[in-house]
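Visitor: The opening position of the sequence shown corresponds to residue 1318 in this note's numbering, with each subsequent residue numbered one higher.
It should be emphasised that the hints constitute simulated quantities derived from the structure, not laboratory data.
Worth double-checking, as some hints may not be accurate.
What follows is a set of in silico ranges between Cβ atoms, one per label pair, in the way DEER data are often shown [to be verified]:
(1) T1345 to S1435: 24 to 30 Å
(2) S1435 to D1338: 19 to 25 Å
(3) A1414 to D1455: 25 to 31 Å
(4) A1430 to T1466: 40 to 46 Å
Within a straight-line C-alpha distance of at most 25 Å, the following computed DSS-like cross-link-like pairs (lysine-lysine) qualify [as the list claims (entries may be wrong)]:
(5) K1415 to K1454
(6) K1341 to K1461
(7) K1341 to K1415
No residue lacks a Cβ here, since even glycine has one placed at the ideal position from N, Cα and C.
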Amino acid sequence: MANGHWILVANGSRAVCYSRDPRKADWTLAREAEFEHIESRMKGSDLATDRPGGVRGHGNDSTKFAPRTDPRRSEVEQFARELAAHLADALNAGRYAKLTLVASNPFLGMLAAQLPASVRRCVDAQLANDYTQLAQKDLQARLKEQFGTPR
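Work out the full structure: start from the sequences and follow the hints.
Guide: Right under this line is the structure:
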């Protein structure tokens, strides 16, 4: 649908893109795409390939260098980049004209930071809630409760 309305419901490891017909005054949704990023749920120690590096100094003391970035956070940011790329591709293909972001905190901020300017211009609303576990019928009810009747 060239001038459709997409709703992205996401958290740091799972996302679902829905579409709705903006000509209709309801929140009836159709599933467009689903994404899972299993690495985002893994422990940081399972993601890191090496132990912290060490340096031997003079005497018996040694120092361990801890990585500056948390491997798990890096995976969540990678997932945000993947979703942003998918949204940009879909916009360029004319699949939507309006986008609503519903994502857990702080993932909503990570995702918003990765969106290209063209996609950001299409964002009509953002909601910081994790609705990824809701059934589609319950999600539709929550969206109506949060945003009212679509315009």
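Visitor: Give a verdict on every hint.
Guide: Checked hints:
no. : hint                       : verdict
1   : T1345 to S1435: 24 to 30 Å : holds (27 Å)
2   : S1435 to D1338: 19 to 25 Å : holds (22 Å)
3   : A1414 to D1455: 25 to 31 Å : holds (26 Å)
4   : A1430 to T1466: 40 to 46 Å : violated (31 Å)
5   : K1415 to K1454             : holds (21 Å)
6   : K1341 to K1461             : holds (13 Å)
7   : K1341 to K1415             : holds (14 Å)
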